[in-house]
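Based on these hints, arrange chain B on the given structure of chain A.
Listed below, chain by chain, are the residues.
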Amino acid sequence: MNIHHAIAAAALALGPGIAAAQTDPLDSPRWGDMKKEFLPAAARVVFDERVRVIAPLTAENALNVPVSVDASALPDVKEVLVFADFNPIARIVRFEPGGAQPGLGFRIKLQQSSPVRAAARTGDGSWHVGGTWVNTTGGGCTLPSTGSASPEWQKRLGEVSSRVWPKKEGGERIRLRVIHPEDTGLAAGIPAFYIQQLDLADAAGKPLMHIEGFEPLAENPVFTIDIPATRAASGYRVNGRDNNGNAITATIEK
Amino acid sequence: MSAPARALIALFALGWALLLAAADMDYGLAPEKIADDTWVLTGRSEDFSFANGGNIVNTAFIVTEAGVLVIDSGPSRAYGEQLRRAIARITRQPVVRVINTHHHPDHFLGNQAFAPDTLAALPGTIHGIHTEGGSFNDNMYRLTGDWMAGTEPVAPIHPLSAGPLELGGHQFELIALEGHTGADLAILDRSTGVLFAGDLVFHDRAPTTPHARLPAWQASLDTLEALPFRHIVPGHGPVAKDAGPIRQTRAWLVWLDHTLRQAADEGLDMTEALALPLPAGFRKMAVADAEYRRSVGQLYPAFEQQALGSGKARE
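Protein chains in written order, with the working numbering: chain A, 1 to 254; chain B, 1001 to 1315.
For reference, chain A alone in the conformation it holds in the complex (with noise of 0.2 Å):
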C-alpha cells in the first residue's frame, strides 16, 4: 500500500466529510493560532463539511454581517465554538445545544476580511471545525454602536422581542432579538459592553440552548433557533446577562 492509498484509507476510517489531509482549507496563515488558543492541544481535530458556516461571500455592511452554523448533520453535538481569525477579537459565540437543534444564526461585526468558522465538539471528545471566507471593506469593530451615541437606548436595554414558528418538517424556530450595544470595547472611549450570556429553556424550565457571547456579536442581536419535534414546547423562557451584570429576562409565548 503506498501512501496516498494509506490515507484515502484512513480518511474512509474517519467517515464521509472528512478531510484526509489535515491542511486548513480556507488556507489561513491564522488558523494555527486559533487552534493553539481555542482548542485543547490534546484533542482531535477535523476539517468537516458537515459543520455548515453559512454566511455572504461579500459582506456589504462590516457593522452586521448575517451568519448561520448549521452543525445537525454531525450526531452527539456537545458545543460549538465561532470565531474569525482575523478580527482583533476572534471569539465570536459559543454555544451548548441543550434540546434544541446544533445550529444558530446571528450577526457579527468584521474588522476585515476573515475566514468565519465554527468548531463542534461532539460526545466523543473530538473537535469538528467548518467555515468560510467573508470579504468586506471592513472596519466594523473599531467602529461605535449607534446605541452606544444616543440616549434611547438605556430606556431599552435588555430588551426582548421574539416570535414562534412552527417548522414544515416539524419542530418550531424561535427567532429573538436583544436590545444591546455590544459594543467591543475597540472604539476610542467606549468601554467593552455586551451579552455574555444567555439561555433558552421551555416553559418548564429545562435547558435548550446556552449561548456565551463575546465583543463581535452585532448591536441588538438577533439569534434564530430550530428546537425538534421532540422538544417543542407550550412557552419558552429567556434568561442572561451583559458584562456589567444587566439581567436579561423574558417570556416566549406562542
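There could be a bad hint or two in this list.
Taking CB as the label site, the calculated pair distances span [said to hold, decoys possible]:
no., chain 1, residue 1, chain 2, residue 2, range
1, B, ASP1242, A, ALA203, 58 to 66 Å
2, A, GLU253, B, GLU1272, 19 to 27 Å
3, A, THR23, B, ASP1242, 52 to 60 Å
4, B, GLU1272, A, GLY205, 28 to 36 Å
5, A, GLU253, B, ASP1242, 51 to 59 Å
6, A, SER234, B, GLU1272, 23 to 31 Å
Think of the hints as simulated: they come from the structure by calculation, not from any bench.
C-beta: ideal position from N, C-alpha, C; glycine also.
This is chain B only, laid out in the frame that chain A set:
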C-alpha cells in the same frame, strides 16, 4: 553610477509614472444630445470600482440663453472638472446653476469643480451632504482609489423648494419627492419635455436602497409617471422615451418589499433571505444579484423587527 544619481533617476522615473497615472484618470465623458439644448452623460451600469472611477451615474446639462444648468456633478472632483470641460467644448455659456438631485456621493462629489455660488439642492439634500458627505467621500476613496484624488464634499449653499423655475427661456418644474433618500428632486423641463428623475428611477440597472423607504418611493414613482414627459433621464441606466424605466423600478421595489416582508414573516434568518432566488424577469437588470444582497442587509432588519414585534415576549 553613484547612489545619488541613481536616486535622482529613480525619482525622475517616479515623477513620470505619477504624471502618466494622472493622465489615465480620464472618464472619457461624451455628452449626448437628447433634446433641444439638452445633453446627457450616461454612466456605466456597474458598481463603483477602481476601473470605472465611480462613473456609474448619469449627469446632464441644459444650455440656455441665461447660462448652463447642470444636473448632478458626478462622483469626484476629477469628474466635475472633466464635466466642466465637456460643457465648455459645447457652449461658451457659463455654468450658472448646479443642482444635486439627492445626497448620494456619485451625484454631488463633483461639486468642488463648480463655483460655490452656483450650487443648489433641496434642504434635506444639503443636510444629508453635511452629515454624511464625509463618510461617503472616505468610502469612495476605498472603492475607486486614485480617481478621488483631491475630492472633498461640498454642500450647496442655495436651498431649493418645489415649484417652477425659469432660466433663459426654459420653464423648469422642480418636484420635491422622497423614498430613494429623504429628499429626492426630480426636474421636468416643460420646454423640451425632458424629465430628469434622479435616482427615483433606474433603468436596466437594479436600484440601490441604502436610504430607501419603499412605500414613499413607490408613491413618488406614481407622481413621476403622471407627468407629461417625452424623454426620461434616469439616475442610472439609459435614457428612454416612455415610462418603461419607471415601471421597471416600481416592479423591483414591489417585489423587494413583498419578498423581504414575507421572508421576515415566515421567520427566515438573514442568511436564508439572502439565498432567495431572483425572478428571471430581473436578470436583464445589471448588478441585480449584488443590489439584492445589499438591499437585504439594508432593509431586512426593519422587516425582521416588524415580524418579531407581532410575536409575543414579555418581561
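Evaluated hints:
no.	hint	verdict
1	ASP1242(B) / ALA203(A): 58 to 66 Å	holds (60 Å)
2	GLU253(A) / GLU1272(B): 19 to 27 Å	holds (24 Å)
3	THR23(A) / ASP1242(B): 52 to 60 Å	holds (58 Å)
4	GLU1272(B) / GLY205(A): 28 to 36 Å	holds (30 Å)
5	GLU253(A) / ASP1242(B): 51 to 59 Å	holds (53 Å)
6	SER234(A) / GLU1272(B): 23 to 31 Å	holds (26 Å)
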